[in-house]
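*Asks:* What follows is the residue order along each chain.
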Amino acid sequence: MKDELAKRLVQGLKDAGINFVTYLPETRLSQIVPLIRDDPDMELIAVANESEAITIAAGATLGGKQAAVYMENTGIYTSCYSLLTVGKQLGVPLLLVIAYLGGVPDLRNSFLYATIGKHSIPVLQGLGIDHRVLEDGDRLEIKITDAVRAANSLRAPYALLFAGEFSE
Amino acid sequence: MIRYECLQLLASKMSNQLVVTSQSGQRIEWSHLSRHEGNLLVGMMGCAIGVATGLALALPHRKVIALDSDGSVLLSLFNLATLGNLRPKNLVVYVFDNGVYSGSRISYPTATAGNTDLTAMARGAGIENAQTIRDFEEFKKAGIDALSKNELGFYVCKVEESLLHREIPRPNTDLAENKYTFVRYLERTEEKTIPFVGRG
Numbered sequence: 173m174k175d176e177l178a179k180r181l182v183q184g185l186k187d188a189g190i191n192f193v194t195y196l197p198e199t200r201l202s203q204i205v206p207l208i209r210d211d212p213d214m215e216l217i218a219v220a221n222e223s224e225a226i227t228i229a230a231g232a233t234l235g236g237k238q239a240a241v242y243m244e245n246t247g248i249y250t251s252c253y254s255l256l257t258v259g260k261q262l263g264v265p266l267l268l269v270i271a272y273l274g275g276v277p278d279l280r281n282s283f284l285y286a287t288i289g290k291h292s293i294p295v296l297q298g299l300g301i302d303h304r305v306l307e308d309g310d311r312l313e314i315k316i317t318d319a320v321r322a323a324n325s326l327r328a329p330y331a332l333l334f335a336g337e338f339s340e
Numbered sequence: 224m225i226r227y228e229c230l231q232l233l234a235s236k237m238s239n240q241l242v243v244t245s246q247s248g249q250r251i252e253w254s255h256l257s258r259h260e261g262n263l264l265v266g267m268m269g270c271a272i273g274v275a276t277g278l279a280l281a282l283p284h285r286k287v288i289a290l291d292s293d294g295s296v297l298l299s300l301f302n303l304a305t306l307g308n309l310r311p312k313n314l315v316v317y318v319f320d321n322g323v324y325s326g327s328r329i330s331y332p333t334a335t336a337g338n339t340d341l342t343a344m345a346r347g348a349g350i351e352n353a354q355t356i357r358d359f360e361e362f363k364k365a366g367i368d369a370l371s372k373n374e375l376g377f378y379v380c381k382v383e384e385s386l387l388h389r390e391i392p393r394p395n396t397d398l399a400e401n402k403y404t405f406v407r408y409l410e411r412t413e414e415k416t417i418p419f420v421g422r423g
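Taken in order, these protein sequences are the chains called E and D. Numbering-wise (my numbering), the first sequence opens with residue 173 and increments by one. Numbering-wise (my numbering), the second sequence opens with residue 224 and increments by one.
Simulated from the structure, these hints should not be mistaken for laboratory data. Possibly wrong hints are sitting among the right ones.
[As the list claims (entries may be wrong)] In the DMTMM-like style, the derived pairs of lysine to aspartate or glutamate whose C-alpha atoms are separated by at most 25 Å in a straight line are:
| id | chain 1 | residue 1 | chain 2 | residue 2 |
| --- | --- | --- | --- | --- |
| 1 | E | Lys186 | E | Glu215 |
| 2 | E | Lys260 | D | Asp397 |
| 3 | D | Lys415 | E | Asp213 |
| 4 | E | Lys186 | E | Asp211 |
| 5 | E | Lys179 | E | Asp318 |
| 6 | D | Lys312 | D | Glu410 |
| 7 | D | Lys415 | E | Asp211 |
| 8 | D | Lys312 | E | Glu337 |
| 9 | E | Lys179 | E | Asp210 |
| 10 | D | Lys236 | D | Glu410 |
| 11 | D | Lys363 | D | Glu384 |
| 12 | E | Lys186 | D | Glu410 |
| 13 | E | Lys260 | E | Asp310 |
| 14 | E | Lys186 | D | Glu413 |
| 15 | D | Lys236 | D | Glu360 |
| 16 | E | Lys186 | E | Glu198 |
| 17 | E | Lys186 | D | Glu414 |
| 18 | D | Lys312 | E | Asp302 |
| 19 | E | Lys260 | D | Glu400 |
| 20 | E | Lys290 | E | Asp213 |
| 21 | D | Lys402 | E | Glu215 |
| 22 | E | Lys179 | E | Glu313 |
| 23 | E | Lys260 | D | Glu260 |
| 24 | D | Lys363 | D | Glu383 |
| 25 | E | Lys260 | D | Glu410 |
| 26 | D | Lys415 | E | Glu176 |
| 27 | E | Lys174 | E | Asp210 |
| 28 | D | Lys312 | E | Asp211 |
| 29 | D | Lys415 | E | Asp187 |
| 30 | D | Lys312 | D | Glu400 |
| 31 | E | Lys179 | E | Asp308 |
| 32 | D | Lys415 | E | Glu215 |
| 33 | E | Lys186 | E | Asp175 |
| 34 | D | Lys312 | E | Glu313 |
| 35 | D | Lys402 | E | Asp211 |
Predicted model, so just to flag it, every value in this text is computed and none were measured.
This is chain D alone, in the form it adopts within the complex (with noise of 0.2 Å):
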C-alpha cells in the first residue's frame, strides 16, 4: 500500500474536518494534496495526536483527524494511554507505519520493522477499535468508514517506504501562518472567537 494513494483518497473525503499532521513525509504530501484551511500541519515528530485531541475534547461536535506515522506514535506512546482512557468520539488517528524513519536522505529502520506492533500496544492501551490496515482495498474500506463513525478510531496503516515525499516540493507555509488561517477558519465555521487571539 502507497501512503500517496491513501492520502489522495483521503483528501476527496474532506468536507469540515479538521486535519493534524506530524512532521513526516505524511505533512508534505498532505500540503500537496490539500489545501484546507482547516489542516494544521504541526512541525514536528510526536506532537500531532496530543494537538488532535486537545482539538476533538475543545469541539466534540467537530471531526478531528489525526495523521500520523511510525516513528512519531513511538515517541509518545504515552498518548495511547491517553486516548485510551478518553476515548474521544470524534477523533480519527490514522498511522502510516513504513518502519522507518525516512528522512530527506536517511532510510533506518523502526521498532515496528522489527517485533513491534503498534495496533496491539493500542488496543492493550485501552483503544478498542484499533486496526491494521494492510491493502489498499481494506484502507478504501475500513479507513474510509472511519470518517462517518462516531467512535475513536486509531488504524495502522502498513505502507511501503514512498521516497515520493523527497520530490514533492516542502509546504512553503509559514507555521505562524497556518495557525492563524486554521483559527480564523475556526471562528468563521463556529461562529466564535478563539479568546487568545484577541484585538491590538
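Pulled out of the complex, with its shape left as it was, chain E reads as follows (with noise of 0.2 Å):
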C-alpha cells in the first residue's frame, strides 16, 4: 500500500470517530500502525489473538470508546466465537479493518493465502456479518464513515475487507 493511501485510510477513521483500535500485526495494511500509534487522538492497542482483540474492543465500545479492530482475515476465524457472542448477540458495534488476503483482488494471492480468502466472505456471511470490499481509494474516507455509522446503527461488527491496491 502506497503511504499516502495508508494516511488516507488512517485519517478517515479518525474522521469517522474511531479513537480505539485493538490490533493484531499483519503486513499488508501494516503502514497504518505506526500512524494510528502517532496519533494522541486514537488509542492503539495490541493483542494476543484476534479473539481478544473483538472482546477489548467491545469492552471499550461499551465504556464510550468508538472501536476498530484491525486485523487479517485469518483472525476472522479465529474470532468467530468473539464476533457472535460479542459482536452478534450481545450487539456491540465494531469496525472491522480487515486484510483480505487470498480474495480474487489481493494482488499478493498465492496458494498459501487462497483458502483462508475463499472462506472469508462466506463466513461473515455465516455470522451475519455485513461487509463491504474495498480494493482502490476511491470514496475510501465516505465508505468508511459509511462502515462506522451502519456498524453503530445496526449494533453490530461492520467488515471492510481491503485488497487490491491496499494489498500492494
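Make one complex out of these two single chains by using the hints.
*Replies:* Right, here's the structure in full:
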C-alpha cells in the first residue's frame, strides 16, 4: 500500500470517529500501525489473538469509545466465537478493518492464502456480519464513515475487507 | 472456600465499580446477589476478561472487576499475555477456580484439577500481582484489599465445587436489556453520551 493511501485510511478512521483500535499485526496494511500509534487522538492496543481484539474493543465501545479492530482475515476464523457472542449476541458495534489475504482482488495472492481468502466472506455471512470489499482509494473516507455508521445503526460489527491497491 | 460467600462479601463492598461476569455459576450467583446497574453479565465463557479490559482502558478512572472461572480463563489464555503487558491499574480479576466444568448437570474436571496453575501462568505472562487465595479469611483480606489498590490484580480463588448455582433462579434479564441498563448507567455516572446509542 502506498504511504499516501495509508495516511488517507487512518485519516478516514479518525474522521469517522474511531479513537480506539485493537490489532494483531499483519503485513498488507501495516503502514497504518505507526500512524495510529503516533496519533494522540487514537489509542492503539496490541493483542495476542484476534478473539480478544474483539472483546477488548467491545468493552471499550461500551465504555464510550468508537472502536475498530484491525486484523488479517485469518483473524475472522480465530475470532468467530467473540464476533458471534459479544459482537452479534450482545450487539456491540465494531468496525473491522481486515486485510483480505487470498481474496480474488488480493494482489499478493498465492496458494498460501487462497483458501483463507475463499472462505472469508462466506464465514462473515454465516455470522450475519455485513461487509464491503475495498480495492482502491475511490471515496475511501466516505466508505469508512458509511461502515462506522452502519455498525452503530445495526449495533453489530461491520467489516471492511481491503484488497487491490491496499495489498500492493 | 465457597464461591457464593466470596461473592456475597464482594457484593457488600460495591459502590460505583463496574462488574463483568462470564457465563458460569458465578454469573448466576452474582446476578442473584447484586442488582447493580454497573453489572454486565456477559452471556458466554471466555469473554469477560477481554470486555473488562476494554472497559478499564476506556474508563481509566473507574474500577473494573472481572468475575471469571477457571474454565473461562483456560478458554482464553491469550488474555493473560495481553493483560501482563497492558497492566491496567483499575482492573481486578477474580478467577473462581473450582477445578470443574460445572454446568446444570455435568461435573467434569478442568486442567486446574490436574497440573495447571493459573496463578503461575498469569505471573509468567507478566501479571506481577497474581496470587492464589485458598481460604475465606485470605479472601476477606487480600481479595477485598484489591478493591482499594491502584494496580492490576489477578486473584485465583480456590473454591469448592458448589451446586448452589443450580438451585438459584437464573437471571431473566435479556442480554440487550442488560447492555442498555449498563450503558445508560455509564452515561449517567460519566455524564457523557456513549456514541453508538445515538438518536432514532
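*Asks:* Does the alpha-carbon distance linking Lys179 of chain E and Glu313 of chain E stay inside the 25 Å limit?
*Replies:* holds (11 Å)
*Asks:* Are the Cα atoms of Lys260 of chain E and Glu410 of chain D separated by 25 Å or less?
*Replies:* Between Lys260 of chain E and Glu410 of chain D the Cα gap is close to 22 Å, so the pair holds against 25 Å.
*Asks:* Please work out if Lys363 of chain D and Glu383 of chain D have their alpha carbons no farther apart than 25 Å.
*Replies:* holds (17 Å)
*Asks:* Given the hint that Lys312 of chain D pairs with Glu400 of chain D, test it: the Cα-Cα distance must not exceed 25 Å.
*Replies:* violated (29 Å)
*Asks:* Hinted pair, alpha-carbon criterion (25 Å max): Lys260 of chain E, Asp397 of chain D. Please report holds or violated.
*Replies:* Holds. Lys260 of chain E to Asp397 of chain D sits at ~14 Å (cutoff 25 Å).
*Asks:* Holds or violated: Lys174 of chain E with Asp210 of chain E, Cα cutoff 25 Å?
*Replies:* holds (18 Å)
*Asks:* Tell me if the straight-line CA distance from Lys260 of chain E to Glu260 of chain D falls inside 25 Å.
*Replies:* holds (22 Å)
*Asks:* With the threshold set at 25 Å, check whether the alpha-carbon distance from Lys415 of chain D to Asp213 of chain E stays at or below it.
*Replies:* Cα-Cα ~18 Å, so holds.
*Asks:* Check whether the Cα positions of Lys415 of chain D and Glu176 of chain E lie no farther apart than 25 Å.
*Replies:* violated (35 Å)
*Asks:* Sort out whether Asp211 of chain E lies within 25 Å of Lys312 of chain D, counting only the CA atoms.
*Replies:* holds (23 Å)
*Asks:* With a cut-off of 25 Å on the C-alpha distance, tell me whether Lys236 of chain D and Glu410 of chain D pass.
*Replies:* Within the cut-off at roughly 22 Å; holds.
*Asks:* Within a Cα-Cα threshold of 25 Å, do Lys186 of chain E and Asp175 of chain E meet the stated pairing?
*Replies:* Satisfied, since the Cα-Cα distance of roughly 17 Å is no more than 25 Å.
Hint compliance for this structure: hints 8, 13, 18, 20, 26, 30, 34 and 35 are not met, and every other hint is.
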